[in-house]
Amino acid sequence: MLVDIATMAQGDFPEPMTGLTLMHYLMTSGLLFALGLVGFVTRRNLIIMFLCTELMFQAAGIALIAFSRFHLNHTGETFVIFVLTIAAAEAALALALVVLLFRRKETLDASSWAELRG
Amino acid sequence: MEAKLASLYPEITLFITTCAVMVLGLSPQAALRRLCPGLAIMGLVFAGVLALTTTPGAETPLPMLPMYAKTLVAGVGVLLALLLAGSADRVYEAMIDRGAKFDALRSNTGEFWSFFLFSMTGLMLCAGADDLIWLFLALELVSLPTYVMVAVSTGRNRSKEAAVKYFFLGALGAAVFLYGFVLIYGAAGSTDLATIATVFAQQQAEGGLGPIAIGGIMLSLLGLCFKIAAVPMHFYTPDVYQGASAPVAAMLAFVPKTAGFIAILLILACVRWPDGALPEPIHALVWVLAVLTMTVGNVLALLQRSAKRLLAYSSIAHSGYMLVGVLAGPGLAQAAGADASIATSGFAAVLFYLFVYGISTVGAFAVLACLERTSPDGEPEEADDLDDLRGLWKTHPSMAAVMALSAFGLLGLPPLLGFVGKLPLFTSAISAEEIPLVIILGLNSAIAAFYYLRLVALTLLENPEKLPTRPELKMAPMSGRRTAALLSATGVIVFAFIGGPQIAGFAERGATYIPKRVHTGEAAAPVDTPADAEPVAVRDE
Amino acid sequence: MTSGLDMLTPLADLIGSGALAAPPAGEKAAGAVHGDIGAWVMAIPFLPLLGSLLCVLCAIFKVKSKLPAWITVAGLAGAFVAAFVMFQQTTGADGGSQWAVAKAFDWINFQWGSEGQALVANFSFYVDSLTCLWMLFVTGLATLIALYASEYMSHDKGPGYCRFFFAFNLFVFSMACLVMGDNLLLLFLGWEGVGLCSYLLIGYFYKKESAVAAAKKAFIMNRIGDLGLSLGVMLTFVHFGTLEYAQLFHDPEMFPKYLALAQAGDFASIPWQVELIPILLAVGAFGKSAQFPLYVWLPDAMEGPTPVSALIHAATMVTAGVYLVARFLPVFAANQAALGLVILIGAFTALLSATIAMRQYDIKRIMAYSTVSQLGYMFVGVAVLAPSGGAFHVFTHAFFKATLFLCCGAVMHGFAGQLDLRKLSGVMSMKGWLIVSLAMLVGCLNLAGVPFTAGYFSKDMILAESFVNGHAIAGWVLLITAGLTAYYTFRVFFRVFVGPTHAEPGEDLHPHEGESMEEAKANFHAHAPGWAINLVLGILLVGSILVAFLYPMHWADDMIATSTAGGIGAGDHTGTVLGMDPHKVMYYVSAVFGVTGILIAAFLHGPKGLWSLGIGNRSEAETSRADALVPKVGPVAHLAERKWLVDELYHATIAMPLRVIAHISHALDRLLVDGLVNLFGWLPRLFGRTIRPAQNGLLHSYAIRMVGGVGVVVLLVVLVTLL
Amino acid sequence: MLALLILLPIVFGLLIALAPSAQAKLIGVVGTFLQLGVFLIIALYQFDWSLGAMQQLKTTYPWLPQFGIELSMGVDSIAMLLLGLTAFLGPILVISSFSAVSTRPKTYYAWLLVLQGAMAGVFCARDAVLFYVFFEFTLVPLYMLISLYGSSNRKAAATKFFLYTFTGSLITLAGVVFLCWWNATQVAQGAYAGAGGWTFSFQALESLAMLSPDAGGMPAFVQTWVFAALIVGFAVKVPLFPFHTWLPLAHTEAPTAGSVVLAGVLLKLGTYGMYRFCLGMTPLGAIELAPVIAVLAIIGIVYAGLVCWVQRDVKKLVAYSSVSHLGFCVLGLFALNSIGLSGSVLYMINHGLSTGALFLLIGMVYERYHTRSMGELGGLAKRMPVWSSFMVFFAMASVGLPGLNGFVSEFMCLLGAFQSGAWTGTGSIAGTVGDLGPWFAAFAALGLIVTAIYILYMVGKVVWGELREPQGHSASSHDDHALPTDLNAREIGVLIPLAVACLFLGLYPTPVLRSLEAPTRAMAVRVESAREHLAVPPVDLATDEAADAPTGEPITLRTTNEGEGE
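In order, the protein sequences belong to chains A, B, C and D. Under our numbering, the letters of the first sequence match residues 1 to 118, in that order. Under our numbering, the letters of the second sequence match residues 1 to 541, in that order. Under our numbering, the letters of the third sequence match residues 1 to 723, in that order. Under our numbering, the letters of the fourth sequence match residues 1 to 566, in that order.
By construction, these hints were calculated from the structure, which means they are not laboratory data. Just so you know, not all the hints are guaranteed correct.
Unchecked claim - Derived pair list, reagent style DSSO-like, types lysine-lysine, alpha-carbon separation capped at 30 Å: (1) Lys466(B) to Lys106(D); (2) Lys106(D) to Lys208(C); (3) Lys466(B) to Lys394(B).
Nothing here was measured: the structure is a model prediction, and the numbers come from that model.
All chains should be modelled from the sequences, with the hints used to inform the complete structure.
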C-alpha cells in the first residue's frame, strides 16, 4: 500500500528521484510518527510522554523536508523551521507544567492525576 | 503586500493591546492593574471595528471568511473578557488589598490578560490564514496560552490536572493535524491554500484526489477534532472544563472550537465540492464524526451531576451539530447561478452557529461563574454541582432566568437564538440531501432536551436544598461576570429577532465560496457544470 | 362582505319559527293541508321543551310544591290539543296522501359538494297521518301519566320532583322529534333523546345501585342499536344524498322507485345499499324496542318510577322501533330478507318473553316482559306488511299497557313498594281499590285478547295478516304466544286482585319513630290511591274500552293508508288458516287461545269462588296449584324463572370478556405502548452508561482511546469507501 | 389586529410578572378578556365570513430574509374558529384557577397568559417556521404550569410531555424543511414560477402541493415520506394511538386549568397542524397513508375507550377519553372530503368545550375532596346537585348526544369517513372519492358504544349511587379555601358559558358549519385534484443531473487509480 502511494505520488513530477525515493523518507517519517504515538500511549511518565509528542513533530518535519525536496520548492523547509519553533514553545510550556505538577504531587506519573472523570 | 498588511490590522491592534496589557499587569498600582480588562475590551472592540472595515486580502476559496470570523471573535471576545475580568490573581489581589506588598513576580494579571489576548489574536489570525503554515501557527497560538490559563485559573489541583491533560492531549492532536498538513503539502506541493485549491481541483478533475491528499485531509480533520472537541478527540473536554474556572471554561468552549471550525472550513474549502458533496472518504469521515460526536456528547451529558461537565458534553454535542453543517458544504448544488444563501450553505450555517453557540454557552458558564461559596481553603469555589443550581429561582432570580434562557437557547427552543441558529443547519443539511443525518440531528436534539430541561427544572422549579455541608452560594463580587451573564441572556432573546438575521446575513457573506477553476487539459473533458463555472471565471481571471 | 354579525342572522329563523315550509317543488301530490298548521305542529315539541325549561327554573328557585307537575300537565295537555288539531287538519280531507313540512330553524345545513350538494337536517317536522297517529297517543298518554305522577311522585317534592318532570317533559319533546322529525337526523336526535330521558328516569332513584345499573344498561343496549341506526342513516345519506323525508318518500327517484321495483318483484335491480339500509335500521329498532337480542334492558328498566315505566317503557318510547319500521316500510319492502329478519326476531321475542313472564313473581316485571312480547307482535305486524295492524296494536297496546302499569304502580304506591304476587292477594276487596282493580281487569282482558276488546282486534289484524301474507309459522307462534299471554296476564289478576285478602308491605316501608321494622310490618295499612290516580285510571279504563270501537271504523287502516306506509301491504290475499279465510277464522281461533289461557290461569291460580268460574282453589296468597306443577316440568320452569339465563350469558360472553380486554388494553398501554416510549427514553441513558467508563480520567487511557479512535474511524471510512 | 391577539396576553403576562402578586388575578382576567374582546372585534367587524376560505387580515413583518421566513399572519375561518375557542377559554381558565392556585400566583397567571398568546400565534401563523415557533413555544408555559402546580408526580409528567412532543415536532420540522427545500430547489431550477428562493410561507408550500410531478411537484412516494415526517409531531400532539401515552400522565398531573387548556386547545394544535401541513402540503401523502392513519385513529377510539373503562382515577379516565375522541377528529380529517373535514374542525371546538368542562368539574371536586379516585368518591348527586347536573350535562355532551355539541361533529366525522370510498359506479349519490369507506365508519362507530360505556361508568360511580366521600372527610370540612359544599357562584359562572356554548353548537351549529363550507370544500377539491398526480411518474432525477453534466460521467472519486500509476 505504502509503496503504491509513494510511487504514484511521484509519478506526476518531472524529475523522479533516484536511489532514495520519497517513499523511503515517508516511511521513516511514518515510522517515527508511529513510534511517537506508541510511546505516547504506553508511557506514564509525563516527560517521556512529552518527548514522544516531540518525536511526532519531528516525524512531520522529516516528511516536510522530503516533500520539499520532492516538490523542488522550499516551502516545506520553511514550514520545518516554524514547526521547530512551536516545538520549542511547547517544550517550554511542558517543562513549566511538569514542574508545577511535580511540586504538587512529587510524582511524574500521569496516572496519579485522575481526579476528574466520568 | 500592503493589502495583506491591511488585512492584518485587527491582529496587529490586538497584539499591541497584548503588549500594553502585559506591561500594565505588572504595574504596582492596583488601579492600573485593574485597567487590564478594560484595555483588553477596548482592544477587542477596536480590532472588531477594524475587521469590519478592512477589506479582506485572503485569496482562499473562502475570501470573505476573515471579515466575518474576526468580527465574531471580537464580539464574543468582549463577552469573554467581561466574564474573565477579575479572575486572575483574585486571592493575591485580596491579599494586597489587605496590605500585602505587590510583588511583580507573584502577580499573574499581566500574563493572564496577555495570554487571553494572544489567544484571541491567534483566533483572528486563524480566520485570516491563507497558508497552511500560517494556519498551523495560528492554531498553536490559539492553544498555547489557553493551556496556561487553565493551569492558573484556580489554585486547585484540579486546574493543574486539567491543564496537564489539556496540554498533553493537545500536543497529540497538534501532531496529528500537523502531519495532516504535511501530507496535504506533499500532495499539493504548496502550502498556499489558494494554490492547494487549484491543484486539488485539477486532480479531482483528472480522476480524483490521490491517497496522500485524502489521507492528509483526513488526518488534519481528525487532529482538528481536538480543537473542536469532537469524537474521537473529545476525551479531554469534560475534565478540562471542570478543572478550569468557569470563565476559562467558557473561553475554552468558544475559542479553540471556533479556531478548529475555521481551520476545517479552510481546509475543506480547498477541496472542490463536486455537485455539492465532498469526496467520498472525507464525506464518510465527517458523517461518522458528526454522528458520533453529537450522540456521544448528548448521551454522556445525560448522566452528569456537574454543571460544567454537562456543559462540556453539550459543547461536544454542539460540535457534532456543526459538523453536520460542515458536511452540508457551501451549498453549491442549489446555488447554481445564484449566491449561496445561508439556507443552503452549511459553511454559513456553521459560522452563524459559532456565534449562536458562543452567546448561549457564555451565559450558562457565566451563571456558574457568578455563583460561588467560600471553600475551607479560603479560595472561592464556583457553583458546579447541579444541586447548587437547585431552586436558584428563589435565591438568585436573575441568574436562574439567565440559566434557563441559556439552556433553552442551547436546546434550540423556538423562538430563541438557538433555534434561529439551528435552522440553517437543518436547511443546509437537507439541501445537501443528508436526510438521515438530519433525522439523527433531530433525535439528538431531543436527547439533549432531557438535560437542558433538567437544568431549567432545577433552577426554576425546584426548591433550594439547605445542607449544612454546603454553605450558601453568594454572588461573585465581579460585576463583569454578571454583565456577561445578562448580556448573553439578552442576546439569546433579542438576537433571535433583531440583529440575529443581519448577523446571519453577515455569516452568509462570510461563507462566500469561490471554487478554483480547473485548467482544462487536452484529454479531460470539461467537467464543470456550466452553472458553477461562471462565478469561478469571474473570480479567477 | 358578510361580517360576523350577519352570520348570526339565520337566528331570526328561531324567532319566526312556525312558518310552514311548502313541500319542495316538483313533488307529486303534496296533499292539501288545511289551514296553517305550522304553529300547532311547533307547539307539540316545543311546549314540552318549555315545560322542561320551567322545571329547571323550578329547581333553581327551589320550588317545593307540585308546581312542576302542573306545568307539565298543562304543557302536555296543550301539546295534546295541538296534536289533535294537527290530526284534524291533516286527515280531514278526502283521501290521498297528505303531508306537510313545518320548519322551525336550521339545525344542520351544510353544503359540501362542488355542485351544491347539501347535508340538510333541520329542526323541521314532517306531518302525515302516521305522525298524527303516534303523536295522539304519545301526548294524550303523557298528559294523563303526568297527572298520575303528580300524585305518585309527591313524596319527592323538591329537587327530585323537578328533576322528574324535567326529564318527563324532555322525553315528550324528544319523542316528538323522533316521530315528527322530517329527517333521519332529527329522528336520531329524538331517538337518543328519549334514550337519555329513559336513562335519567330509570336512574331516578340514584341511590339504589340497581337503578343506576339498570339505567346504564338501558342506555348502552340502546347505543348498540343506535350504532346500527346511525350506520343506516349514513348509508341512506350516501346513497340518496339526502336525509329529508320529503325527498326520500316523495321523490320518484328515491324510495318510490325501489318500492315499485320490489312490488314488481324485480329485486335484482335493487342495489345492495338499499337492501342494507333496512337491516341497519332494524338493528336500531330492535335496540329501542327491546327485541331479541337487545331486549334485556327493558325488564331492568322497571327500576324507574312506575309512571315512567308506563309512559316510556310500555306505551311510547319502546314503540319507536315499530315507528321506524313503519315509517321506512317502503325501503323495508324492498328487501325480503330484512322483512324476514324482523318477522323472525319479532315472533321469537314474543314467544321468548312470554315464557319468561309466565314464571316471574314481580308483577311489574311480568308487565315488562309482556311489553317485550307485545312489541314482538307489532314488529311482526309491520313486517308482514300489515302496517295498519302493527300501528293499531301500538295504539291499543299503549292504552291498555299504560293502564296495567299504572295499576301496578298504584299497588306499589299503596303497599310500600310491594310487587311480589305471592305477597298480595284480594286487593279488589280492600277499601278504595275498586277503580284500580277494575282498570286492571280491563287491561288484563285487553292484553289477554278476550273477544271484543281492543287488544283482541288489533292482535287479530296482525295474526290474520301474517297468515295472509304467507308467514304461517310466525302466525302459529304468535297464536301460541297469545295463549301464554292470556295465562300470565290473568295469573297476575287472579293472584293479586281477587281471592283472600292478604298484604305484606314492601321494601319501601319506613318505620315511624320509635317503631321497629317488625312492628311497622305488623301495623302496616295499605293506603289507597288518591283522586289523581283514580281519575287517570278511570279515564284510561274507559279509554281502553273505547279504543275497541276504532276497529270497526277502520280508523287505523285509513290512517296508514294515507301515510308513507300506505299502499304497501295491498298484495294478494293468498294465505289461509285451517283452509279458511284468515280474517274470519282468526276471530275464533285467537279467542279460543285467549280464553284457554285464562281458564288455565283460573285453574292454577284462581281463588275459590266465582271469580275463577269455580275452577280455582287458591285459599292463600303464597301458594297455588301451579307450585305443584313446577317440579313436573323440570328445569324448564326453573330456566324460565331465571329468564333463560340470557343476562348471565351476555355477561359471560360479552361484558366479562370486554372488561377483560379493557384490562388487558390498560396493561398493554402501560407496559407495552408506554414501555416502548420509556425504553426509547432510556436507551440514550443506557448508551451513556455503556460508554461512560471510557471517561476514566487517566491521561494515557485518553491518549489510547484517541489514537485508537482515530484508527478505527479511518479504518471504518476506508472500508466504507472501498466497499 | 392578529398580532394584538397574540401580543396582548403575552404583554399582560409580563405585566403580571412585574406587578405585585395581589394584582395577578385581576391582570389575568383583564388580559384574557381583552384578548376575547379583540377576537370579537375581529370576528364581528373585520373578518369576512363569507370568504372563509381566504386568508384574511394578512400582516407580514420581516424576520429571516435569508430563508424567506417572515412573521406572517393571516386567518381563514378555520383558524378563526379555533382562535375563538382559545379566546373563549382564556377567561374561563383564569377565573377557574382563583381558588386552586395559592402558591406563586404570579408565575401561574403569567405563564397562563403567555400560553394564551402562544396558542393564538399557532392559529394565526401563515409561515411554517412561525407556526413551528409558536407550536413549540406552547410547550414551555405548559411545562411550567404542570411541573409547578400539578399533583404528586408532576415533574415526571411534565418532562415526558415536553420531551415527547418536542421530539415529535423536531421530525416534523425536518419534514417542513424538506418541503421548503424542494420548493426552493424547484424555484432555482426554474421548474415553476414560484415565490423565488427559500420561503416557508404556507401559500408557497400549498401551491407546491398542487404541482404535478412533471412540473416540479413532489411525486407521490416523496410526499408519502414527507407526510410521514410531518405527521409524527402532530400525531404526538393530538395524540394519535400509539403516541398517546404522555397524555393521560400529563392530564392527571396537571392543574385543572392546565388540563383544560391542554384538552381544550393544545391537542387541537396537532389536528390543526395535520390539516394545514399534512393535508394542505402533502396531499398525495395524505391520500396514500389515509387508511393507515385512519386505522390508527380507529384503534385509538376503541382501545382508549376501553382503557377508560378500567380507570380508577376520574381525571385519567377523561384524559384517555380525549385520546378516544380525538380519534374521531383525525378520522374525519382523513376522510379528505368536505363533510369529514368540517366535522373534524367542529370536533376540535366541541371537544375543547365539553372535555374542558369535564376537567373543570373534576378540578372542582378535587379542590373539595383532594382525591380523584372513583373508589373514594360516589353518589355526589346527593351532596352536590348543581355540580352533578353539570357533570351529567357535559358527560352527555361528551357521549355525543344529539342536541349537544359533540353529536354534530362526531356524526359528520363518521359520515365523512363513510362517504369517502369507492362509491363511484354504485349509483350512490353522495359518495365521494376517498380512501376510507363504510367499514372505517362502522368500526369507528363502535366508539359510540364504548364512549357510552365508560362515560356512564364514570357518571354512575361519581354522580349516582350511595354517597361515598374520602375517609375523614365530612361535608362541613371543605377546608382551606372555604369552598361551599356545592359549587359557588364563581364556579357556576365559569361553567355556564361552556354549557351555553355546548347547547348552542348542538342545536344551532349552522353558522359555524356555514363558515366551514368554503375552506373545507376548497381543501377537499385540492386533495381531489392532487389525486390526479398520483399516477404521474416522477421525473427521474438521475437522468436530469446527467443531462446537466455534459461529460456524461458524474465526478466520482476513487482511492486508487490503476491506469495512471507510475
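Item to complete: Mind listing which of the numbered hints don't hold for this structure, in increasing order?
Response: The structure conflicts with hint 2 only, although it agrees with all the remaining ones.
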